[in-house]
Amino acid sequence: MEKTDKHRIDRREFLKRLGAGVTAVSATTVAGCSFRDAGTGGSAQGEVPTDKMTYRIDPKTGEQISLLGYGCMRWPMMPSPDGTGEVIDQEAVNGLVDYALAHGVNYFDTAPPYCRGLSEKATGTALKRHPRNSYYLATKMSNHRLAGQGLSPEELFDASVKMYRRSFEELQADYFDYYLLHIVGIGSGMPFLMERFFDNGLLDFLLKEREAGRIRHLGFSYHGDVKVFDYLLSRHDEFKWDFVQIQLNYMDYRHASGMNFNAEYLYAELEKRDIPAIVMEPLLGGRLTTLTNYLNGRLKQRCPEDSIASWAFRFAGSFPKVLTVLSGMTYMEHLQDNIRTFSPLDPCTEEELAVLEDTAQTMLKYPSVPCTACQYCMPCPYGLNIPAIFAHYNKCINEGNIPVSSQDENYRKARRTFLVGYDRSVPKLRQADHCIGCDQCVHHCPQSINIPAQMQRINFFVEQLKQETL
Amino acid sequence: MLRKIRAILAIIFFVSVTLLFLDFTGGWHTWMGWMAKIQFLPALLALNVGVVALLVVLTLLFGRIYCSVICPLGVMQDIVSWVGSRRKKGKNRFSYSPAKSGIRYGVLALFLVAIAAGAGSLVALIAPYSAYGRIAQNLLAPFYGWGNNLLAYLAERAESYTFYETEVWMRSLPTFIIAIVTCILLFVLTWRNGRTYCNTVCPVGTVLGLLSKYALLRPVIDPKKCTSCSLCARKCKASCIDYKNHEIDHSRCVACMDCLDACKHGAISYTRRRERAAVLSSKTEEQNPSRRHFLTGVALLLGTAAAKAQEKNVDGGLAVILDKKIPKRTTPLVPPGAGSLCNMNRRCTGCQLCVSVCPNGVLRPSSRLETLMQPEFSYERGYCRPECTKCSEVCPAGAIRKVSAEEKSAIQIGHAVWVKENCVVLTDGVQCGNCARHCPAGAISMIPSIPDDDFSPLIPMVDTERCIGCGACENLCPARPFSAIYVEGHEAHRII
Numbered sequence: 001m002e003k004t005d006k007h008r009i010d011r012r013e014f015l016k017r018l019g020a021g022v023t024a025v026s027a028t029t030v031a032g033c034s035f036r037d038a039g040t041g042g043s044a045q046g047e048v049p050t051d052k053m054t055y056r057i058d059p060k061t062g063e064q065i066s067l068l069g070y071g072c073m074r075w076p077m078m079p080s081p082d083g084t085g086e087v088i089d090q091e092a093v094n095g096l097v098d099y100a101l102a103h104g105v106n107y108f109d110t111a112p113p114y115c116r117g118l119s120e121k122a123t124g125t126a127l128k129r130h131p132r133n134s135y136y137l138a139t140k141m142s143n144h145r146l147a148g149q150g151l152s153p154e155e156l157f158d159a160s161v162k163m164y165r166r167s168f169e170e171l172q173a174d175y176f177d178y179y180l181l182h183i184v185g186i187g188s189g190m191p192f193l194m195e196r197f198f199d200n201g202l203l204d205f206l207l208k209e210r211e212a213g214r215i216r217h218l219g220f221s222y223h224g225d226v227k228v229f230d231y232l233l234s235r236h237d238e239f240k241w242d243f244v245q246i247q248l249n250y251m252d253y254r255h256a257s258g259m260n261f262n263a264e265y266l267y268a269e270l271e272k273r274d275i276p277a278i279v280m281e282p283l284l285g286g287r288l289t290t291l292t293n294y295l296n297g298r299l300k301q302r303c304p305e306d307s308i309a310s311w312a313f314r315f316a317g318s319f320p321k322v323l324t325v326l327s328g329m330t331y332m333e334h335l336q337d338n339i340r341t342f343s344p345l346d347p348c349t350e351e352e353l354a355v356l357e358d359t360a361q362t363m364l365k366y367p368s369v370p371c372t373a374c375q376y377c378m379p380c381p382y383g384l385n386i387p388a389i390f391a392h393y394n395k396c397i398n399e400g401n402i403p404v405s406s407q408d409e410n411y412r413k414a415r416r417t418f419l420v421g422y423d424r425s426v427p428k429l430r431q432a433d434h435c436i437g438c439d440q441c442v443h444h445c446p447q448s449i450n451i452p453a454q455m456q457r458i459n460f461f462v463e464q465l466k467q468e469t470l
Numbered sequence: 001m002l003r004k005i006r007a008i009l010a011i012i013f014f015v016s017v018t019l020l021f022l023d024f025t026g027g028w029h030t031w032m033g034w035m036a037k038i039q040f041l042p043a044l045l046a047l048n049v050g051v052v053a054l055l056v057v058l059t060l061l062f063g064r065i066y067c068s069v070i071c072p073l074g075v076m077q078d079i080v081s082w083v084g085s086r087r088k089k090g091k092n093r094f095s096y097s098p099a100k101s102g103i104r105y106g107v108l109a110l111f112l113v114a115i116a117a118g119a120g121s122l123v124a125l126i127a128p129y130s131a132y133g134r135i136a137q138n139l140l141a142p143f144y145g146w147g148n149n150l151l152a153y154l155a156e157r158a159e160s161y162t163f164y165e166t167e168v169w170m171r172s173l174p175t176f177i178i179a180i181v182t183c184i185l186l187f188v189l190t191w192r193n194g195r196t197y198c199n200t201v202c203p204v205g206t207v208l209g210l211l212s213k214y215a216l217l218r219p220v221i222d223p224k225k226c227t228s229c230s231l232c233a234r235k236c237k238a239s240c241i242d243y244k245n246h247e248i249d250h251s252r253c254v255a256c257m258d259c260l261d262a263c264k265h266g267a268i269s270y271t272r273r274r275e276r277a278a279v280l281s282s283k284t285e286e287q288n289p290s291r292r293h294f295l296t297g298v299a300l301l302l303g304t305a306a307a308k309a310q311e312k313n314v315d316g317g318l319a320v321i322l323d324k325k326i327p328k329r330t331t332p333l334v335p336p337g338a339g340s341l342c343n344m345n346r347r348c349t350g351c352q353l354c355v356s357v358c359p360n361g362v363l364r365p366s367s368r369l370e371t372l373m374q375p376e377f378s379y380e381r382g383y384c385r386p387e388c389t390k391c392s393e394v395c396p397a398g399a400i401r402k403v404s405a406e407e408k409s410a411i412q413i414g415h416a417v418w419v420k421e422n423c424v425v426l427t428d429g430v431q432c433g434n435c436a437r438h439c440p441a442g443a444i445s446m447i448p449s450i451p452d453d454d455f456s457p458l459i460p461m462v463d464t465e466r467c468i469g470c471g472a473c474e475n476l477c478p479a480r481p482f483s484a485i486y487v488e489g490h491e492a493h494r495i496i
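Keeping their order, the protein sequence lines are chains C and A.
So for the first sequence, full-length UniProt numbering puts the first residue at 1; every next one is plus one.
So for the second sequence, full-length UniProt numbering puts the first residue at 1; every next one is plus one.
Derived by calculation from the structure, the hints in this document are not laboratory data.
Please note that a few of the clues may not be correct.
As the list claims (entries may be wrong) - With a straight-line Cα cutoff of 30 Å, these simulated DSSO-like cross-link-like pairs (lysine-lysine) come out:
#: 1; chain 1: A; residue 1: K225; chain 2: A; residue 2: K328
#: 2; chain 1: A; residue 1: K325; chain 2: C; residue 2: K466
#: 3; chain 1: C; residue 1: K428; chain 2: A; residue 2: K264
#: 4; chain 1: A; residue 1: K328; chain 2: A; residue 2: K264
#: 5; chain 1: A; residue 1: K325; chain 2: C; residue 2: K428
#: 6; chain 1: A; residue 1: K420; chain 2: C; residue 2: K428
As the list claims (entries may be wrong) - Derived list of chain C stretches under chain A, where covered just means 3 residues or more per stretch with a C-beta under 8 Å from a C-beta of chain A:
#: 7; stretch: 369–382
#: 8; stretch: 433–441
Quantities reported herein were computed from a predicted structural model and do not represent experimental measurements.
Positions of the beta carbon are idealized from the N, C-alpha and C atoms, including for glycine.
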């Protein structure tokens with residue numbers, strides 16, 4: 001605490017220091033974020049290298065996996081031609097996939113429910129245009145939405161196998177390089193894991209599929225109850241996990257939210273058993289791409305030309321047992337920026353790690369909701385746009401528009417920005433006051449956010465602003 | 001000169017009053033709210049003695065200045081008339097016509113009877129300020145709203161919070177149609193014959209006309225200078241100059257001063273009266289300008305998208321939200337401050353000012369025949385929020401008296417009624433309690449649905465003594481299209 005308190009200086013003072021800092025930094029390049037692109041001339045960002053990607057070796061097959069992996073959960077969407085909803089913008093996806101492959105990215109991670117169930121098909125369509133051996137494909141057993149609906153073990157097994165086979169069709173593939181038990185640890189934890197994979201014999205089926213070569217690597221993605229993680233690792237000798245996917249970033253490393261467990265422990269457990277780790281949510285769904293002004297400035301001061309996001313990627317990539325770091329890149333600019341970060345990767349120095357740890361500690365002081373906009377909670381049966389509500393709230397925190405009292409200096413402006421922005425970001429009928437607390441979303445949240453409680457908290461704040469009772 | 005002063009003042013008043021109907025942020029009311037309060041009929045109904053006395057004195061001094069400057073409907077007609085006179089044939093299109101006293105006093109009598117009888121919808125139909133309010137709210141406000149929304153759209157892209165979007169929606173079809181018909185009728189009358197409405201129909205005009213006969217200052221023709229060229233009469237939109245007899249019917253003259261500028265011989269001056277001219281003209285005519293009545297029950301058609309909720313096995317997407325429908329309320333809901341339905345019915349002139357300023361989409365003109373165009377509540381778009389007292393601040397007629405937010409929190413305008421068959425707790429088998437959570441009066445508590453079984457699903461119980469009828473429960477109820485809890489009005493409001 002003491003350590004962070006000294007950073008609690010007022011804004012003006014900070015900006016002054018920042019100004020001085022920036023000049024100092026541009027004169028003496030700080031180690032760590034060496035100016036990779038210096039010398040390319042023209043724009044400050046320079047070209048995106050095609051042949052400098054950092055690769056990690058898969059211990060089982062010796063294959064080279066790009067340290068930047070493509071998460072296919074956030075493909076660009078566009079209004080569907082019949083105007084009833086949204087579909088994936090396939091042309092944009094093709095462009096992104098082509099670009100990623102051309103710049104050394106070779107790992108693609110999708111799952112049946114992603115992008116309202118459209119991700120696998122779009123990903124398969126884009127990848128089909130390239131030789132099958134030029135990329136590695138990962139998808140998942142997402143039977144968590146099938147379970148808990150009163151199906152018998154046999155019915156659940158059948159429905160799950162149907163989902164597995166369907167993934168082959170959607171992805172137009174005859175084998176998966178990586179296959180994951182999706183999101184184990186959520187819901188009730190152990191009982192839910194048993195229901196999904198053990199009681200119905202689904203795991204045995206998947207192990208046989210691995211033997212048959214249709215699954216080249218079998219692993220699981222973990223959130224939530226650590227008992228599940230420990231249990232699955234305790235049976236590593238039996239199942240021989242080829243990899244495990246965990247949520248690792250400088251927040252979750254030591255300050256995991258909700259039921260989630262600190263990544264420091266998870267990573268150490270994997271390292272102990274020599275199991276490669278695949279990193280998901282390195283950016284916490286974009287929450288680490290922009291911080292508060294103060295924190296942004298402190299990172300920019302050190303590496304003025306690097307994005308804030310690049311810090312989070314370098315953090316995740318700094319762990320040697322990490323096989324690949326997944327990023328759900330919607331826009332070309334994100335893809336380019338991330339390729340730069342990983343071509344090649346500059347691991348964080350000790351000092352930089354300390355700065356990031358301090359950043360995480362400072363962030364904890366803000367009442368942000370740890371939502372990563374993964375959309376697992378959606379659609380809310382009562383029409384709320386849960387991720388949009390959290391995104392607006394977090395954005396206002398970052399921008400300093402969450403007044404604490406009506407005596408605040410910027411109270412009027414902050415109040416207006418929050419309320420006007422709220423109506424802009426979320427249609428009235430999808431706002432927090434419509435949450436009835438049915439709790440149907442809670443079990444879906446990988447961050448174990450108590451969504452109804454947060455909705456009520458945010459709505460209480462909105463009411464305080466509207467009624468001016470702060 | 002006098003004409004120019006009159007025109008400038010008229011424009012200031014007209015724009016200001018119009019903005020009262022257009023500005024949904026309430027900012028304009030802070031400064032210019034008084035302009036609605038000095039309108040004659042609302043002030044009279046509000047028993048606002050000071051304002052009425054002031055207007056009487058004003059008229060006794062200067063004639064019907066009120067009709068030329070303060071009354072927005074009068075100024076609107078002047079503007080139409082002015083445009084009409086820009087065309088070739090329209091320049092000197094008026095001519096003297098005798099007063100149609102039969103119609104004038106007939107309408108006035110009918111009007112007074114309507115007020116006495118509490119026939120608010122009839123009063124609202126004839127009253128000038130209300131007619132203008134209706135036109136502004138129904139025909140101008142949408143454009144203002146759309147304009148604002150365009151700016152809000154641009155502001156959003158510029159990361160500015162200066163403008164925010166407002167919802168543009170038709171509050172009531174009958175009122176909208178009445179506004180259009182009124183507008184067209186007035187337009188035609190004015191385009192052809194100037195201020196026919198003001199001098200033949202308008203009851204306020206008739207009353208002020210009675211006073212202006214005795215006005216201290218008035219336009220007077222000097223017979224010595226007058227050459228009987230008729231120019232003044234052809235310029236007089238009130239058709240009240242009898243140039244042959246050098247007489248002006250001061251009960252119809254709206255003191256627009258046009259004739260003063262028109263006379264090339266300086267024969268007309270605005271001056272103290274010399275002698276009273278006997279103006280008698282009795283030509284009775286059977287009349288009844290009763291306009292169409294609209295049947296009740298014409299509800300807005302709410303489009304209901306019948307899209308199927310998508311499968312639950314995928315991430316993302318938004319559930320379809322059905323629009324709420326208006327429940328059938330036995331007793332209508334009127335704003336806190338109205339006191340009772342009776343007071344509302346007797347005082348409200350249906351000007352739509354409260355409807356224009358309601359930021360929560362709650363107020364809309366009634367479609368019931370007996371209260372046509374008078375405001376009433378419904379909660380499909382929002383509810384009567386605890387911090388808002390806007391309608392009570394703007395009402396010029398005393399139909400909604402000023403209340404503070406604290407007072408309002410204790411005024412019971414109705415009470416909530418639970419509708420078992422709609423409640424999601426029982427239909428969807430989920431826990432809810434959104435009505436109880438949002439009740440500002442703490443009047444709703446959740447109780448087990450099965451007696452003596454504390455673990456049975458919780459259903460709302462309304463304490464009707466504590467309920468103030470604000471509609472938070474009805475508006476935020478997840479059941480659609482009909483809420484599982486709705487508010488029934490009270491005839492007389494109570495303080496709890």
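Outcome of the hint check:
1. A:K225 <-> A:K328: Not satisfied, since the Cα-Cα distance of roughly 69 Å exceeds 30 Å.
2. A:K325 <-> C:K466: Given that 30 Å is the threshold and the Cα spacing comes to 26 Å, the pair holds.
3. C:K428 <-> A:K264: violated, 63 Å
4. A:K328 <-> A:K264: Roughly 65 Å between the alpha carbons, so the hint for A:K328 and A:K264 is violated.
5. A:K325 <-> C:K428: holds, 17 Å
6. A:K420 <-> C:K428: The hint holds at about 26 Å.
7. 369–382: Answer holds; 8 residues pass the 8 Å Cβ test.
8. 433–441: holds (count 8)
When held up to the earlier numbered hints, the structure conflicts with 1, 3, 4 and fits the remainder.
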